[in-house]
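Chemist: Listed below are the residues making up each chain.
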Amino acid sequence: MNRTMVRELLSVALMLSLGVAGLVHIQYGNWRVAPLVPSYIMPQTAYYFLIASGIWVLAMLGLEARRRRQGHGADEGPAQDLVAIGLASGLMLGGAVVYFWMVLNLGLIVSTYLYNALLIAVLAPGARTISILVVPLLVAAVVWLLFIQMIGITLPPSLLF
Amino acid sequence: MLDLVIEASALAFHPYVLMYVMLGVLLGITLGAIPGLSGDMAIALLLPFVFFLEPAMAMGLLVGIYKGGLFGGSIAAISFGVPGTPGAAATSIDGYQAKLKGKPSKALHTALYSSVIGDTTSDLVLIFIAVPLAAVALSFGPIEFFALYAFSLMLIAALSQGMVAKGLAVAAIGVLLAMIGRDPITGSARLTFGMPGLSGGLSLIPVLIGIFAISEVVVQGAKLWRRKVDDLMDDVAEQASLLQGYDIRKDQLSWKEFKATLKATYIGAAVGTFIGALPGAGQSLAAFMSYGLAQRFSKTPEEFGKGSLEGIASAESGNSATAGSTFIPLFAFGIPGSATAALFGAAFILMGMTPGPSLLNDNTEIIYALFFTLIFANLVNLVLGKILLPYYSRIAMIQPGYLIPAVFILAIVGTYAANNSVVDVWVLLFAGVLGVTLRLLKFPLAPLVLGFIIGPGAERALRQSMIMGGGDWWVLVKSPIAIGFYVAAVALILLFTFALRAKK
Chain A
1 MNRTMVRELL SVALMLSLGV AGLVHIQYGN WRVAPLVPSY IMPQTAYYFL
51 IASGIWVLAM LGLEARRRRQ GHGADEGPAQ DLVAIGLASG LMLGGAVVYF
101 WMVLNLGLIV STYLYNALLI AVLAPGARTI SILVVPLLVA AVVWLLFIQM
151 IGITLPPSLL F
Chain B
1 MLDLVIEASA LAFHPYVLMY VMLGVLLGIT LGAIPGLSGD MAIALLLPFV
51 FFLEPAMAMG LLVGIYKGGL FGGSIAAISF GVPGTPGAAA TSIDGYQAKL
101 KGKPSKALHT ALYSSVIGDT TSDLVLIFIA VPLAAVALSF GPIEFFALYA
151 FSLMLIAALS QGMVAKGLAV AAIGVLLAMI GRDPITGSAR LTFGMPGLSG
201 GLSLIPVLIG IFAISEVVVQ GAKLWRRKVD DLMDDVAEQA SLLQGYDIRK
251 DQLSWKEFKA TLKATYIGAA VGTFIGALPG AGQSLAAFMS YGLAQRFSKT
301 PEEFGKGSLE GIASAESGNS ATAGSTFIPL FAFGIPGSAT AALFGAAFIL
351 MGMTPGPSLL NDNTEIIYAL FFTLIFANLV NLVLGKILLP YYSRIAMIQP
401 GYLIPAVFIL AIVGTYAANN SVVDVWVLLF AGVLGVTLRL LKFPLAPLVL
451 GFIIGPGAER ALRQSMIMGG GDWWVLVKSP IAIGFYVAAV ALILLFTFAL
501 RAKK
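So the protein sequences, as listed, match chains A and B. 1 is the number of the first residue of the first sequence in the UniProt record's numbering; add one for each residue after it. 1 is the number of the first residue of the second sequence in the UniProt record's numbering; add one for each residue after it.
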């Protein structure tokens, strides 16, 4: 199965599952009933749109598959590409959760320095050690100046600074 | 009226405001020139700082970034054939060919001049049309407003990337996100799933930064990780080496050449202004339609695609001419017609101003100052662009590996700083995950933001209409104005669907 097909099937799955789950939630959840205008009137409309859109994309996919069988349309790369980017994105966002936990417990400046250095080491191809050590220092200094000195954000007491 | 103009100009031309405009234009061009980073992302990142600035200064900064970003996208498009922003894709067709033919300076200057002309035209149309339209909007009732919201959602969903079904689905997700929190009529909690932190609803800042900035840097970072950018950077370095031995004195744009591009520039200005005023049509469509029309009316259509300066002028003017008119629906009806307008709408809300017909009445001075700022930012764009043009193409060489981590960290800490709220950071990361998922699955993001912003207004209008109609859905099509909106939506969707097909 090619990349476009996998992507579109995942999209359909997302739309239909969200739409159906939402309607089930409206049916069995604890919603406040008001005369003429129940709380769920707008969410319910949105869920119907999600389901209709999912069916629409599915129909278009069927037509596209038929065209391909008849020899039209170009093939694309394998589906693994999508999985790899998805996995890498998951790791970056997971890192952000750890970073913010560190900000709350270890301190803003230390966490910013460490996390920035780690990201540069991972993301900048062929970065020199001096860059990995100095650039995060500059970013940490900017964060300190902007958020602590100029804006004065309040953070819970932490282990370091 | 004269007093108002004097007061507004005093606000707009305050030295600090001018400084923020210049800073914004510089930032916008810099970010726009780097492939993958956009002015929208910078505006989203700066939203938390809007709290700490005077409204005129904040608007100056955001307007500067927006306008700088529009032109910045053409720098990478012409220098390396990599559009810095989606709107610059049409510019790259002839721009990159012109560069390969040894005319990068002519191409960049044509892009700069046509961008400024298109942008200024669009700003003037905004200034003269938004005020009368807002007066019309004041006579709308809930039925007409619901039709207008539905019109905007349908149009933006259908035209964002030519994917109607996915656009509608993502707009529905935006509306659902806006429904999280307390129901304004019954007071009961909706879609909070027992989490008390969500009972107040989702804040604008974390949702917008998560959807635009976090998702963009995460996807860029993920691509970097896979070393895909290695190839891109090698390509960029290789292209840059082509310029060795190049003599800039032989590559100056003459008055005659500039004059020859004016017709294409005006076509782009007209098309871009019209397209920009429609919710969802966007810069990319405006640029391609301008390019197509300019080719049709050109004396040398065969030169298009081979480095034609007319091609560059029409595409760039069409792209930039959406800048002013995209605010028309926001100012007149409170409906953001594009992702950028949605970000500006969010900025207005953060500054305590409600986008819509009352915006002009309640904040006349600030809005007129904004009009002056829009025009002034074009001048700054022209002057800074002219002075710094030789250096800008090098900006695209900055390694994203150093920029992405800093942007990522600023987004997280900036979101926390806006309200000192830990919940906002978790919402930001959730919105980031959602944005990444939608980007990977090729959903357009603008309809989601529009759905999120106008969701509460649309719900209010729907529920008021239903009460007026005694629960009968047919009440929604009982007003001639409402019917006009629905018919116009279908007609425009069909028109642009055919136009997009012709483009392909």
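Accuracy of the hints is not assured; some may be wrong.
[To be verified] Residues from chain B that keep clear of chain A, each with C-beta distances beyond 12 Å, as calculated:
1) Leu133
2) Val164
3) Leu168
4) Thr300
[Unchecked claim] Ranges of calculated distance between the beta carbons of each label pair, as one might list FRET restraints:
5) A:Leu145 / B:Gly194: 37 to 45 Å
6) A:Ala65 / B:Pro480: 38 to 46 Å
7) A:Gly152 / B:Val490: 37 to 45 Å
8) A:Pro156 / B:Lys442: 35 to 43 Å
9) B:Gly352 / A:Glu64: 26 to 34 Å
10) A:Ile26 / B:Ile6: 49 to 57 Å
[Unchecked claim] To spell it out: a stretch of chain B is covered by chain A in this simulated footprint if at least three of its residues, at any positions, have a beta carbon under 8 Å from a beta carbon of chain A; those stretches are:
11) 331-339
12) 400-411
Just so you know, the hints here were simulated from the structure itself, not pulled from any lab data. Note that beta-carbon positions come from the ideal geometry of N, C-alpha and C, so glycine has one too.
Chemist: Now look at each hint and say whether the structure bears it out.
Modeler: Hints and how they fare:
no. : hint                            : in the structure
1   : Leu133                          : holds (26 Å)
2   : Val164                          : violated (8 Å)
3   : Leu168                          : violated (5 Å)
4   : Thr300                          : holds (33 Å)
5   : A:Leu145 / B:Gly194: 37 to 45 Å : holds (40 Å)
6   : A:Ala65 / B:Pro480: 38 to 46 Å  : holds (44 Å)
7   : A:Gly152 / B:Val490: 37 to 45 Å : violated (52 Å)
8   : A:Pro156 / B:Lys442: 35 to 43 Å : holds (40 Å)
9   : B:Gly352 / A:Glu64: 26 to 34 Å  : violated (49 Å)
10  : A:Ile26 / B:Ile6: 49 to 57 Å    : holds (56 Å)
11  : 331-339                         : violated (count 0)
12  : 400-411                         : holds (count 9)
The structure fails to meet hints 2, 3, 7, 9 and 11 from the earlier list, while all remaining hints are met.
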